[in-house]
Amino acid sequence: MFENVQMPDGMNPEVLSHLMSPQNYGKLDDPSCIGVTLDEKTGEYVIFYLKLDGEVIKDVSFATNGCQDTVVIGSMFTSMIKGQTIEFANNSLGKISDKLGVMSKQQELCAELVLNSFVAALINLKNLEDGKKEEMHVIKTTESCEIEENKEESNE
Amino acid sequence: MNNLYKQKHQLWLKIVFASFAINDEAIKSKLYDFSQIAFRHLKWIGSDILKKGDDYNYDRDYKSVEKFTSNHELLNDLKSDIIKIQELYDDSILSKRVITDEAYLLEFIDTLLKTNDQKITAFDMAMKWNDELDEEQTKSLVLFLFEESYKEYELIMVYAYMQARTLNHLHFNVFQDLIDESHFHLKSFGNMLSKLGILTLPRELHEMTYKVKDLDKFVVAGIAEEEAAKEMCKQLSESISNEELSKFFDFINYQENYHIELMKKLL
Chain X
520 MFENVQMPDG
530 MNPEVLSHLM
540 SPQNYGKLDD
550 PSCIGVTLDE
560 KTGEYVIFYL
570 KLDGEVIKDV
580 SFATNGCQDT
590 VVIGSMFTSM
600 IKGQTIEFAN
610 NSLGKISDKL
620 GVMSKQQELC
630 AELVLNSFVA
640 ALINLKNLED
650 GKKEEMHVIK
660 TTESCEIEEN
670 KEESNE
Chain U
8 MNNLYKQKHQ
18 LWLKIVFASF
28 AINDEAIKSK
38 LYDFSQIAFR
48 HLKWIGSDIL
58 KKGDDYNYDR
68 DYKSVEKFTS
78 NHELLNDLKS
88 DIIKIQELYD
98 DSILSKRVIT
108 DEAYLLEFID
118 TLLKTNDQKI
128 TAFDMAMKWN
138 DELDEEQTKS
148 LVLFLFEESY
158 KEYELIMVYA
168 YMQARTLNHL
178 HFNVFQDLID
188 ESHFHLKSFG
198 NMLSKLGILT
208 LPRELHEMTY
218 KVKDLDKFVV
228 AGIAEEEAAK
238 EMCKQLSESI
248 SNEELSKFFD
258 FINYQENYHI
268 ELMKKLL
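Heads up: the sequence lines are chains X and U, in that order. Residues in the first sequence are numbered from 520 upward in steps of one, following my numbering. Residues in the second sequence are numbered from 8 upward in steps of one, following my numbering.
What the hints contain is simulated information worked out from the structure, not anything from laboratory work. Don't be surprised by glycine CBs; every beta carbon is placed ideally from N, CA and C. Incorrect hints may have been included.
Computed list of lysine to aspartate or glutamate pairs in DMTMM-like fashion (alpha-carbon distance at most 25 Å, straight line) [said to hold, decoys possible]:
id, chain 1, residue 1, chain 2, residue 2
1, X, K601, U, E211
2, U, K35, U, E188
3, U, K272, X, E559
4, X, K618, U, D223
5, U, K218, X, E559
6, U, K218, X, D549
7, X, K577, U, D68
8, X, K624, U, E154
9, U, K146, X, E627
10, U, K224, X, E631
11, X, K577, U, E211
12, X, K659, U, D223
13, X, K601, U, D66
14, U, K218, X, E654
15, U, K135, X, E533
16, X, K546, U, D68
17, X, K560, U, E268
So, partial list: chain U residues that the calculated Cβ filter (under 8 Å) puts toward chain X [as the list claims (entries may be wrong)]:
id, residue
18, Y63
19, E154
20, M215
21, A231
Restraint ranges, calculated between C-beta atoms of paired labels, are given here [stated by the list, open to error]:
id, chain 1, residue 1, chain 2, residue 2, range
22, X, D549, U, E94, 25 to 31 Å
23, X, D572, U, F115, 48 to 54 Å
24, X, D549, U, E245, 34 to 40 Å
25, X, G573, U, D141, 50 to 56 Å
26, X, G613, U, A33, 51 to 57 Å
27, X, N609, U, K59, 46 to 52 Å
28, X, K624, U, D117, 54 to 60 Å
29, U, E80, X, M599, 30 to 36 Å
30, U, Q125, X, Q542, 28 to 34 Å
Construct the complete structure from the given sequences, taking the supplied hints into account.
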């Protein structure tokens, strides 16, 4: 899955663990805010829920119909930021790529899908605080990993 | 949302994954037959709920499969769930049918519990295919199976959700064909994950996945996914040294061609 990871059977144990049982997966009851990144062309999405206690991320979850790279990245990112502050989570946006190592273009797009949904949740929070009625904030994209994969194939 | 539907959804998954986990071919086959019956129960219960003006969703409490090491452990757990769900049935004709089917399954389980116990290897993380595949081939196979087993579960449930709500006969029939095909694929991939010792339950479906707002858009995206799955099957078939596996992935690849034709009928 990730090009720089190795284990005896060709799998990174951490990746395999997130793949077999994704952490913080599913809906969250009574979230403080909800963000979505949606590729309108393919229908691929990531939805991100945050439950906050002041500045602290008390609980977090995500769901997706995307590929397993998206699931693994979502699982890793939510595990990193759960129990931390929003500031820590914002700073972690860059750290996630360090954790994952060298990623293909496709995997970078999967990571963007996850991270943008977190950003969308924070925008939703800001909008709610400003008194706007918004069930969830949606960021629309046309660059999910599936499209990019086709682009790469057609370029070959 | 409807608790009976939720419990039945979970029970269907539990039976079908029990059939994947058990090594004995005769027990595996019989449990798989029961899982197909349980899926029909789920469809009928769903239809009954909609007819009454109520609704259901695909939320689950059953998130991951327990890593049982013996048939008896797994069967006792399954038995306990079947007994628990009985209190949710009413006295309708449908409930009576479901109750008698499940009573028969309980008798079958009790018979098995009186026989010699057998080891379950579906969760041992061995990741070996008869020692015939090298690391790279095993990795490709594992990733393919994880991706596609989830996808087949997703397709079964999404098509079932749409089928329960359509009044278009052509659509109804196409959905049924696609559901049947995905059942076969899920069975094939689930048994392969079990053989590799990495059997896992597909992740839960969020309502954004199964509440399809634009069928045409969904079908066009679905056809692109089928094309991608075909390509993955082709690559696996070419890269895997095991002739039996290679032929299997060619067979699946050709099946995807006809899925695309079926899906085009929905446009």
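Right, here's what the structure says about each hint:
Restraint check for K601/X and E211/U: satisfied, since their Cα atoms lie roughly 20 Å apart, inside the 25 Å limit. At most 25 Å may separate the alpha-carbon atoms for a hinted pair to count; K35/U and E188/U meet this at roughly 19 Å. The straight-line distance between the Cα atoms of K272/U and E559/X is roughly 22 Å, inside the 25 Å bound, and the hint therefore holds. A hinted pair counts as satisfied when its Cα atoms are at most 25 Å apart, and K618/X with D223/U does not qualify at roughly 39 Å.
Between K218/U and E559/X the alpha-carbon distance is near 15 Å, which keeps this suggested pair within the 25 Å criterion. Between the alpha carbons of K218/U and D549/X the distance comes to roughly 21 Å, so the proposed pair stays at or under 25 Å and holds. About 21 Å separates the Cα atoms of K577/X and D68/U, which keeps this hinted pair within 25 Å; it holds. A C-alpha spacing of about 19 Å is found between K624/X and E154/U, which places the hinted pair at or below 25 Å, so the restraint holds.
Distance restraint check for K146/U and E627/X: the Cα-Cα separation of roughly 21 Å lies within the 25 Å cut-off, and the hinted pair is therefore satisfied. Taken as a hint, the K224/U and E631/X pair is honoured in the structure, with Cα atoms around 23 Å apart against an allowance of 25 Å. Of the pairs offered as hints, the one joining K577/X and E211/U holds, with about 22 Å between alpha carbons and a cut-off of 25 Å not exceeded. Between K659/X and D223/U the CA atoms are separated by roughly 19 Å; this keeps the pair inside 25 Å, and the hint holds.
At roughly 23 Å between alpha-carbon atoms, K601/X and D66/U fall within 25 Å of each other, so this suggested pair holds. Between the alpha carbons of K218/U and E654/X the distance comes to roughly 17 Å, so the proposed pair stays at or under 25 Å and holds. Simply put, K135/U and E533/X have alpha-carbon atoms about 19 Å apart, close enough for the 25 Å limit, and the pair holds. A C-alpha spacing of about 11 Å is found between K546/X and D68/U, which places the hinted pair at or below 25 Å, so the restraint holds.
The suggested pairing of K560/X with E268/U holds, with an alpha-carbon distance near 21 Å, which does not exceed 25 Å. Given hint, Y63/U at the interface with chain X, is violated; its Cβ is 15 Å from that chain's nearest Cβ, farther than 8 Å. A hinted interface residue such as E154/U counts as satisfied when its beta carbon comes closer than 8 Å to some beta carbon of chain X; here the least separation is about 5 Å, so the hint holds. Hint on M215/U holds. Least Cβ distance to chain X is approximately 6 Å, under the 8 Å limit.
Interface hint at A231/U: satisfied, since its Cβ lies 7 Å from the closest Cβ of chain X, which is below the 8 Å cut-off. Between D549/X and E94/U the beta carbon distance is about 29 Å. The supplied range of 25 to 31 Å therefore holds. Between D572/X and F115/U the beta carbons are some 50 Å apart, a value that agrees with the proposed interval 48 to 54 Å. Checked against the hint of 34 to 40 Å, the pair D549/X and E245/U fails, with Cβ atoms roughly 50 Å apart.
In this structure, G573/X and D141/U meet the distance hint of 50 to 56 Å, their C-beta atoms being roughly 52 Å apart. A C-beta distance of roughly 55 Å is found between G613/X and A33/U, which places it inside the suggested range of 51 to 57 Å. Range check, N609/X to K59/U: about 48 Å between beta-carbon atoms, so the 46 to 52 Å window is met. Evaluation of the 54 to 60 Å hint for K624/X and D117/U yields a pass: the beta carbon distance comes to about 55 Å.
Taking 30 to 36 Å as the suggested C-beta distance range, the pair E80/U and M599/X conforms, at roughly 35 Å. Distance hint check for Q125/U and Q542/X: the Cβ-Cβ separation is about 32 Å, which falls inside the suggested range of 28 to 34 Å.
Violated hints for the displayed structure, listed by number in ascending order: 4, 18, 24.
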